[in-house]
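With the sequences and hints as input, model every part of the structure.
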Amino acid sequence: MLNFLVRRILTMLATALVLTFMVFWLTNLPPNLEKLAKSEGNARMTDAEVTSWLERNGHAQPLLKRYGEWLGVAPGWTSERGGVVSGRCIPRGASPGDSARFCGVLQGYWGQSTVFKAPVSEIIATRLSLTGILMFWVMVLMVPSALLIGVLAGMREGSKLDRVLSTASIATTATPEYVSGVILIAVFSSSMVGLKWFKGTATSAMEGISFENFFLPVLTIALYGMGYIARMTRASMSEVMTAQYIRTARLKGASFGRVVMRHALRNALIAPFTVIMLQFPWLLNGVVIVETLFNFKGFGWTLVQAAGNNDIQLLLGCSVVAVAVVLVTQAISDLGYVLLNPRIRVP
Amino acid sequence: MAELGWPAIFLRLALQFWPVWLALLVVFAVSLRTRRRSGLYGRLFDSPLGMVGFGLVMFWVFTALCADLLLMFDPLGQIAQMKNKVPGTITPDGAVYLLGGDNLGRDVFSRMVMGARRVLAIAPAATVFAFMVGVTLGLPAGYRGGRLDAGLSFIANLVLAFPVILLFYLLVTPEIRATGLPAALAAVLFLFPVLFFTLLWNSRFFTRPAKRNLYVGLTLALGLWAWSGLAFNADPLGVWSMQPNMLNVFVSVVFVNAPTVFRIVRSLVMDIKTRDYVAAAQTRGEGPWYIMLWEILPNARGPLIVDFCLRIGYTTILLGTLGFFGLGVSPESPDWGSTINAGRRLLTIAPHPAIVPALALLSLVLGLNLLADALREQSLKD
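Chain order of the listed sequences is A and B.
For this note's numbering, add 7 to where a residue sits in the first sequence, where the first one is 1.
For this note's numbering, add 3 to where a residue sits in the second sequence, where the first one is 1.
Please note that the accuracy of each hint is not assured.
Claimed, not checked - The calculated lysine-lysine pairs, modelled on DSS-like cross-linking and capped at a C-alpha distance of 30 Å, are:
1) A:Lys167 with B:Lys384
2) B:Lys384 with B:Lys276
3) A:Lys304 with A:Lys45
4) A:Lys203 with B:Lys86
Think of the hints as simulated: they come from the structure by calculation, not from any bench.
Structure, rendered in structure tokens:
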């Protein structure tokens with residue numbers, strides 16, 4: 008088991024390093040840096056001025072060195088101009104002697120956002136907490152209803168209830184967030200249909216959540232993931248229901264409800280657990296779409312703003328969070344599967 | 004301005020789609036007649052949901068094919084008086100905007116029809132390429148195992164751990180085209196179909212050099228010709244070419260899909276390679292590529308066909324996502340994702356420009372998913 012854990016963690020770290028390096032490379036391509044120089048310095052810079060600006064701000068170093076600096080394993084760059092020493096780790100106005108040599112993600116310095124004019128770590132913390140609330144409610148809505156649908160459909164395979172629920176789950180997996188969101192807004196909040204039950208934006212939900220302003224975004228994300236989890240639960244439930252011990256329980260005279268609740272349910276929920284954990288990366292996608300559609304200024308919205316405005320440091324920060332979420336949930340799902348399933352023994 | 008009522012709109016829409024109905028009628032009549040003889044495809048018509056799915060998919064396929072017959076207006080033409088008009092509004096010169104006008108006064112119906120052509124031109128092709136890459140790499144990874152498998156699986160997991168939206172934002176930007184990265188990626192990814200078919204013919208016919216040389220030669224000539232045109236836009240005859248925008252989108256969609264196909268193929272191969280017929284082929288002394296391509300792959304076709312249907316739907320969703328964020332396509336483009344994106348700003352006042360493409364996308368993906376589900380069910384009956 009220990010061997011398995013160590014290997015899993017090492018692979019995870021290697022993946023994280025390669026992925027962040029790829030993002031770093033893609034965000035720091037020469038055209039992006041040129042755009043950064045022009046937006047930070049002045050839009051009518053000549054090519055020579057751009058080059059000197061990049062050199063002054065440490066962007067002209069080799070890629071690996073810059074990545075090391077950003078990560079915090081290489082000393083930050085310094086440059087001297089007119090007797091004033093500036094550098095990556097030297098805040099404006101501070102003396103070079105007092106500043107640390109290393110400053111990067113590992114030291115907790117995530118850089119400065121050029122769009123929001125604030126430290127990246129601060130922005131990500133506040134935005135992530137907003138998205139956390141959204142995710143919490145999505146989970147509260149999605150997981151129980153998906154499991155319920157799956158169990159109801161799977162307990163009598165081929166029944167009318169199964170057909171209806173399975174078709175409904177296929178329909179929700181065929182409806183991406185930008186489609187269901189648009190339809191839900193049009194039906195429940197447009198003046199054309201006239202129901203006006205909910206609000207079409209979730210901007211006000213950032214101050215106070217109410218059913219009116221938060222239900223539609225939560226429902227939109229939950230719907231897309233729900234069908235998939237429900238189908239997995241159904242498959243696993245219908246497989247369990249054909250097992251020998253279920254027949255034994257039935258022959259013993261246990262009622263159908265009792266067999267489902269006591270005997271089948273626990274074994275049927277192993278597979279969906281993995282699926283739910285693996286849904287997190289997809290939820291991230293949904294979060295970006297829904298936050299853009301409903302104008303809810305959380306993590307996904309921030310990612311879009313950062314990517315759209317060439318805010319390199321913020322985009323890097325966002326990708327660190329996104330990659331971490333994906334890798335951690337993958338690890339938990341692997342581990343949980345091993346722990347939950349007695350048939351799998353790790354040597 | 005005068006307007007038509009909803010019954011009149013639906014009647015006119017139904018009439019407008021006459022070439023599609025005709026084609027559907029022919030296809031269904033022929034398929035139902037021959038269904039006992041046409042294998043898995045025929046058995047599709049035994050399940051009602053499968054027929055619905057097949058019908059929905061074919062509806063959009065025929066719409067894309069006869070788009071020129073169905074169009075009522077130029078999808079890019081604007082009529083100033085028709086901005087955000089409700090469905091059924093009559094234009095100044097007497098024609099009808101059946102599904103209303105968008106925020107620039109363009110016909111929503113014609114844009115939807117043209118959008119079908121855009122989506123169905125890219126999604127299946129991108130899925131085919133993703134399958135070529137996934138199959139060509141997944142077969143040896145599953146069959147050989149060992150270090151090759153470990154390395155390829157690590158790369159596949161790497162791409163899978165990348166949040167899709169982030170990847171799109173990084174890969175599908177105008178700046179990145181200047182660096183030549185999409186072209187390089189395209190050069191690698193587009194080489195796989197050529198490689199696949201070369202291996203396919205060579206492993207089968209290497210004992211008959213004349214036939215082998217003909218097939219491999221044809222594949223190489225055609226493939227490399229198309230490859231030079233598609234990846235580098237350097238086709239000397241100018242037949243094969245792809246707009247840089249399109250190439251960017253295409254490459255990133257293939258790139259996102261290929262690792263999943265790789266994983267599916269790999270696990271299928273690991274299961275199938277323990278069968279007796281594989282052992283028999285090994286005893287006969289067949290080469291590894293012959294066993295992989297001519298013994299294992301045909302026996303893995305069931306799950307792969309099902310996944311192919313699902314994956315076209317998923318690719319359609321991905322293309323819509325790209326359009327929704329305005330990535331990689333021109334703002335004029337009638338594809339469904341961009342139209343939804345353009346329409347969502349006025350959603351509470353005039354929802355129809357966004358609703359129409361949204362329903363179109365929904366019905367196509369739903370059709371593909373129902374089709375895949377029916378195929379899975381029917382193939383399990385064997």
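Hints, verified against the model:
| no. | hint | verdict |
| --- | --- | --- |
| 1 | A:Lys167 with B:Lys384 | holds (20 Å) |
| 2 | B:Lys384 with B:Lys276 | holds (22 Å) |
| 3 | A:Lys304 with A:Lys45 | holds (27 Å) |
| 4 | A:Lys203 with B:Lys86 | holds (24 Å) |
Of the hints listed earlier, there is not a single one the structure fails to meet.
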